[in-house]
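**Q** As they're listed, the protein sequences go chains B and E.
The first sequence begins at 1 in the numbering used here and counts up by one.
The second sequence begins at 1001 in the numbering used here and counts up by one.
Since the hints were made in silico from the structure, they are not lab data.
Each hint should be verified, as a subset may be incorrect.
[What the hints assert, rightly or not] Simulated pairs of lysine to any residue, SDA-like, Cα-Cα distance not exceeding 25 angstroms:
1) E:K1042 / B:I425
2) E:K1302 / B:H125
3) E:K1042 / B:M150
4) B:K52 / E:K1327
5) B:K309 / B:M150
6) E:K1302 / B:A170
7) B:K426 / E:A1336
8) B:K426 / E:K1302
9) B:K215 / B:K309
10) B:K388 / B:H125
11) B:K426 / E:K1111
12) E:K1042 / B:A170
13) E:K1042 / B:V154
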Amino acid sequence: MDVLMLSRLQFAAATFFHFIFVPLTLGLSILVAIMETKFVRTGDEEYRRMAKFWGKIFIINFAVGVVTGITLEFQFGTNWARYSRYVGDIFGSILAIEATLAFFLESTFLAVWIFGWNRLSPRLHAICIWLVAFASNLSALWILIANAWMQHPVGYVLRHGRAELDNFLAVVTQPFAFQIFFHTISGAYILAGFFVMGVSAYHLLRRQNTEFFTKSFRLALGFALIFSLAELVQGHYHAGEVAKIQPTKLAAMESFWETQAHAPQVLFAIPDEGNERNVLEIGRIPGLLSLLAYHTPAATVKGLKDFPKEDRPPVTLTFVAFRLMVGLGVLFVVLTVWGWFRRHKLESSPALLRVMLYAIPLPYIALQAGWIVTEVGRQPWIVYDLMKTSDAVSPVLAAYQVGLTFAAFIVVYGLLGLVAFYLIIKHARRGPEPAPATAKLEG
Amino acid sequence: MLASIWFFLWGILWAVYFMLDGFDLGLGTLMPVLAKSDTERKLVYRTMGPFWDGNEVWLITAGGVTFAAFPTTYAALFSGLYSALMLVLFALILRGVSFAFRNEVDSPGWKCLWDTCLTLGSFLPALLLGVAFANIFRGLPLGPGGIYQGGLLTLINPYGLAGGVLFLLLFLVHGALWLAVKSAGVLHDRAAALAAKLWWPLLVWAALFLFATSQATRLFVNYAENPVLFLIPALAVAALVAVYVFIRKAAWWQAWFSSAVTIVAVTLFGVVGLYPNLLPSSIAADYSLTISNSASSPLTLKIMLGVALTFVPIVIAYQVWVHFLFKGKAREEDLAAEEVY
Chain B
1 MDVLMLSRLQ FAAATFFHFI FVPLTLGLSI LVAIMETKFV RTGDEEYRRM
51 AKFWGKIFII NFAVGVVTGI TLEFQFGTNW ARYSRYVGDI FGSILAIEAT
101 LAFFLESTFL AVWIFGWNRL SPRLHAICIW LVAFASNLSA LWILIANAWM
151 QHPVGYVLRH GRAELDNFLA VVTQPFAFQI FFHTISGAYI LAGFFVMGVS
201 AYHLLRRQNT EFFTKSFRLA LGFALIFSLA ELVQGHYHAG EVAKIQPTKL
251 AAMESFWETQ AHAPQVLFAI PDEGNERNVL EIGRIPGLLS LLAYHTPAAT
301 VKGLKDFPKE DRPPVTLTFV AFRLMVGLGV LFVVLTVWGW FRRHKLESSP
351 ALLRVMLYAI PLPYIALQAG WIVTEVGRQP WIVYDLMKTS DAVSPVLAAY
401 QVGLTFAAFI VVYGLLGLVA FYLIIKHARR GPEPAPATAK LEG
Chain E
1001 MLASIWFFLW GILWAVYFML DGFDLGLGTL MPVLAKSDTE RKLVYRTMGP
1051 FWDGNEVWLI TAGGVTFAAF PTTYAALFSG LYSALMLVLF ALILRGVSFA
1101 FRNEVDSPGW KCLWDTCLTL GSFLPALLLG VAFANIFRGL PLGPGGIYQG
1151 GLLTLINPYG LAGGVLFLLL FLVHGALWLA VKSAGVLHDR AAALAAKLWW
1201 PLLVWAALFL FATSQATRLF VNYAENPVLF LIPALAVAAL VAVYVFIRKA
1251 AWWQAWFSSA VTIVAVTLFG VVGLYPNLLP SSIAADYSLT ISNSASSPLT
1301 LKIMLGVALT FVPIVIAYQV WVHFLFKGKA REEDLAAEEV Y
């Protein structure tokens, strides 16, 4: 394999791994903040225990997210030097702003939260976790502004052989960035909601700490329900936006070959990229794709054949990932609505609890699939319509160098992932520390 | 003008990073020597716990600012020093998680594993960052377009290694002094004695390095043109002497502060000597990456300056607050009462 392919694989692996941990950070920080706020408001000691129990899982998860985040920033320079030189004016400055505005806040106040239980007033301590939640989500906003610029570059001029900033506001306020932001954080909140529901279900099934985990479950359920619904609606508009600004991506998401008006939506198909067609199509609904993408059934949707072969993304992967994401997204609505109707009878709903326990991995899969659609669907561009991925790789690297680090990433990250999940699962199964007064009763 | 401002902000960011992370990298390296029992090791972690992550963000910011303000330098430097940087990265990853993982399983083998990660993961960055910066001072084999022409072992040269050892010694003294400030009893005594012992090799090595710099680099050209700049290395020397004086007086906080000033002054000594180069080329001066051929557009620099001047003071303010919040020595009683990682 050449440096380009190895660098792509390495970047994919590093990003994929990083994003296993980030969504839980984004969502769980808010849930923990809500728990602690309830403690401050009501003085109910159980909410404090909740904040501590879920907070501990948050800390382990956060640590892995943070250390693997450094890699991402460095990798632009190490493996994508041409890209860095070409877009640093815009992309680099957004990353630097992110670090200054968000990372400092997040890291500093998380440490204060961890070590500050006995040093701060309860109110100030709760503010710390709110700051962490705010900062991690703010950091998501900036990184997604940077990513949105790769999807849809705006506010730049080509000068001095690179893309230079022309209009800062255009870059940081482009609507597509907020689509991506909303879509990503909603996904993260769904994931955190399902995580908390799943772990709570585990204990509720065993009838341990029932009050504690009923409260946790219900809080997470409301959170996951709201964002599952929001995600479905927003996802629709998001795809419409993609149709407008990244027509090749849309065509790949749908494995849509022939340009036509009244474009049909196919529920499932097997793309045959070599022969530029689908081998098998199931569930063909006429006009639906036009309607979904452009809000009118008569609209013309451009097919892949109308784009030069070298400008098309890998179709099968994009197509399958998109279906996986949407299918799971619909499932999350179904599950959370089901949960909502059983919310007052959780202990007598073993089926729901069992499903929720095994549903923990699903949002993880959905989110990774979503990123596959976003990033693989953008290929062959690193910056859509502006710079090809193949022109972005560092000129000085040897294949063995990248091969070696790629192997090291696989080994180190693999082990790190095992350890992190071992610890998270261990902590999740052990349950909260017994409350001081009721310790004897609950055993 | 803007590019010059950013050049110095860039240097200051790296200096602040070395000053802050320097103590926990140094202390992490020294842990096996300083802490003998599990409780002592826990205390050592505890003295760094509330600070190390906030310190490391300065590295992310320094890297980000290199990317944003001098993208061509960022591209050439990070891809040119690929293998060394990756090693630093892996070290920082394993070190970072050791804080969170170490006390999660109560088994000696498990703890030993993460303690080893902490020590190696602290030692390697301390050494390699020194090697990298000394090589920058010396000049990298950059060809046309800032493309690195060196090999894997180009960085391993006597001056580069000397820089690595210098950083390591600076950080070791810095870390030992931190523990002397932040601990009591045997731990404090050991740290204090070690800081005093390490001070002499540091002094000798710094003097040698200064001499080697005059031979191996062109850093002194700027100083010869503007003799007033010699105040910077003079400050480094004065601060280093102050470290010794304060150690003798058993004024630990002041000794640590002097050590911080030493690290900042040493870094700035190099940065000022580099100006206007960010990466001097050892092949030909024309290939050097400078503030004029590697800076971002004036618009980007202006916006970034606004952001930096607004938010960095805020960051400094709350990080200083954190130091006040967690002032005082780490004690065994705290370990039990607190949520230790």
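**Q** For the pair we were handed, K1042 of chain E and V154 of chain B, check the Cα-Cα distance against 25 angstroms.
**A** 51 angstroms, violated
**Q** Compare the distance between the alpha carbons of K309 of chain B and M150 of chain B with 25 angstroms, and conclude whether the hinted pair is satisfied.
**A** 21 angstroms, holds
**Q** For the pair supplied as a hint, K1042 of chain E and A170 of chain B, is the alpha-carbon distance within the 25 angstroms limit?
**A** 50 angstroms, violated
**Q** Within a Cα-Cα threshold of 25 angstroms, do K426 of chain B and A1336 of chain E meet the stated pairing?
**A** Within the cut-off at roughly 21 angstroms; holds.
**Q** Is K1042 of chain E close enough to I425 of chain B, meaning Cα to Cα at most 25 angstroms?
**A** 24 angstroms, holds
**Q** Compare the distance between the alpha carbons of K426 of chain B and K1302 of chain E with 25 angstroms, and conclude whether the hinted pair is satisfied.
**A** 50 angstroms, violated
**Q** Between K52 of chain B and K1327 of chain E, does the CA-CA distance stay at or below 25 angstroms?
**A** 24 angstroms, holds
**Q** Are K1302 of chain E and A170 of chain B close enough, with their CA atoms no more than 25 angstroms apart?
**A** 16 angstroms, holds
**Q** Holds or violated: K426 of chain B and K1111 of chain E, Cα atoms, limit 25 angstroms.
**A** Satisfied, since the Cα-Cα distance of roughly 17 angstroms is no more than 25 angstroms.
**Q** Holds or violated: K1042 of chain E and M150 of chain B, Cα atoms, limit 25 angstroms.
**A** 45 angstroms, violated
**Q** Taking only the CA atoms, is the gap from K215 of chain B to K309 of chain B under or equal to 25 angstroms?
**A** Roughly 54 angstroms between the alpha carbons, so the hint for K215 of chain B and K309 of chain B is violated.
**Q** Decide if the proposed pair is consistent with the structure: K388 of chain B and H125 of chain B, CA atoms, cutoff 25 angstroms inclusive.
**A** The hint is violated at about 48 angstroms.
Checked against the numbered hints given earlier, the structure breaks hints 2, 3, 8, 9, 10, 12, 13 and satisfies all the rest.
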